[in-house]
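Trainee: The chain contents come next:
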Amino acid sequence: QSALTQPASVSGSPGQSITISCTGTSSDVGGYNYVSWYQQLPGKAPKFMIYDVSERPSGVSNRFSGSKSGNTASLTISGLQAEDEADYYCTSYTGSSTFTVVFGGGTKLTVL
Amino acid sequence: EVQLVESGGGLVQPGGSLRLSCAASGFTFSYYSMNWVRQAPGKGLEWVSYISSSSRTIYYADSVKGRFTISRDNAKNSLYLQMNSLRDEDTAVYYCARVTWGRDQWPVDDWGQGTLVTVSS
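Going down the list, the sequences are from chains A and B.
Per this note's numbering, the first sequence runs over residues 1 to 112.
Per this note's numbering, the second sequence runs over residues 1 to 121.
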């Protein structure tokens with residue numbers, strides 16, 4: 001299974017909105033509504049941000065939202081804040097009958 | 001508070017073995033499936049292995065199949081990863097991660113702080 005494709009970097013100014021894309025195939029992102037997103041601050045463990053394409057776990061700011069169109073999922077961060085500067089990873093899961101978990105290569109978000 | 005604490009990492013020569021442990025607390029460990037995920041230095045995340053709550057179902061990434069063995073001891077609230085025939089490309093921080101409540105395999109919500117495995121001669 002190949003890694004999902006994410007842009008290496010994105011940037012935005014405080015208060016702006018940015019979107020990170022995550023492109024797979026019909027065998028992963030496009031075939032299942034099991035896309036998740038993780039935020040990783042420098043030197044820290046990943047943090048669970050979005051699951052099932054657009055659901056937010058308890059405690060995650062509503063500035064974070066997810067969506068999907070075809071084989072591409074997206075993470076949007078609105079009202080950008082300095083503490084949002086981190087690496088972001090998407091993942092796709094193919095369900096219990098086949099169990100495949102594939103990660104994106106990660107996107108470095110810089111808050112200007 | 002959920003806590004996952006990995007240990008057992010270190011420097012090992014190619015072809016060597018290492019056993020990682022993950023001590024869980026703050027939740028009923030026996031109710032949850034678990035995963036190992038790794039991250040090579042400066043690289044992205046890679047799923048390594050999965051084990052169900054009862055140990056009945058186990059999966060491995062192709063890159064470690066036949067060399068790594070995942071296991072758990074629910075009485076000790078612990079998860080393990082036995083790594084044999086280690087290669088340079090296994091060098092990474094290894095995280096244990098808990099499957100989120102209500103799900104069987106993925107996604108994971110809580111992660112440990114990771115333990116570094118370095119394979120080098």
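These are computed hints drawn from the structure, not numbers from a lab.
Treat the numbers as computed from the prediction; the structure is a model and nothing was measured.
Yeah, the Cβ is synthetic: ideal placement off N, Cα and C, and Gly gets one too.
Some clues are possibly wrong.
[What the hints assert, rightly or not] Looking from chain A toward chain B, a few residues come up when the C-beta cut is under 10 Å (computed):
no., residue
1, Asn33
2, Tyr34
3, Ala45
4, Arg63
5, Leu80
6, Gln81
7, Glu85
8, Tyr89
9, Gly106
Trainee: Restraint: glycine 106 of chain A near chain B, CB-CB cut 10 Å. Satisfied or not?
Mentor: Hint on glycine 106 of chain A: holds, closest Cβ of chain B at ~4 Å, below 10 Å.
Trainee: Hold the hint about glutamate 85 of chain A up to the distance rule: shortest CB distance to chain B must be less than 10 Å.
Mentor: 17 Å, violated
Trainee: Would the hint on leucine 80 of chain A stand, with a C-beta cut-off of 10 Å toward chain B?
Mentor: For leucine 80 of chain A, the interface hint is violated, since the closest Cβ of chain B sits about 23 Å away, which is over 10 Å.
Trainee: If you take the shortest Cβ to Cβ gap from tyrosine 34 of chain A to chain B, is it below 10 Å?
Mentor: Holds. Min distance 7 Å.
Trainee: For the restraint on alanine 45 of chain A, tell me whether the closest CB of chain B is nearer than 10 Å.
Mentor: 4 Å, holds
Trainee: Does the CB of glutamine 81 of chain A sit less than 10 Å away from some CB of chain B?
Mentor: Since the shortest Cβ distance to chain B is 22 Å, the answer is violated.
Trainee: Let's test the interface hint: is any C-beta of chain B closer than 10 Å to that of arginine 63 of chain A?
Mentor: With Cβ-Cβ at 19 Å, over 10 Å, it is violated.
Trainee: Do the numbers back the hint for tyrosine 89 of chain A, that is, is its least Cβ distance to chain B under 10 Å?
Mentor: Cβ of tyrosine 89 of chain A sits 5 Å from chain B, so the hint holds.
Trainee: With chain B as the partner, please determine if asparagine 33 of chain A meets the hint condition of a C-beta pair closer than 10 Å.
Mentor: 12 Å, violated
In terms of the numbered hints stated before, the structure departs from hints 1, 4, 5, 6, 7, listed from lowest to highest.
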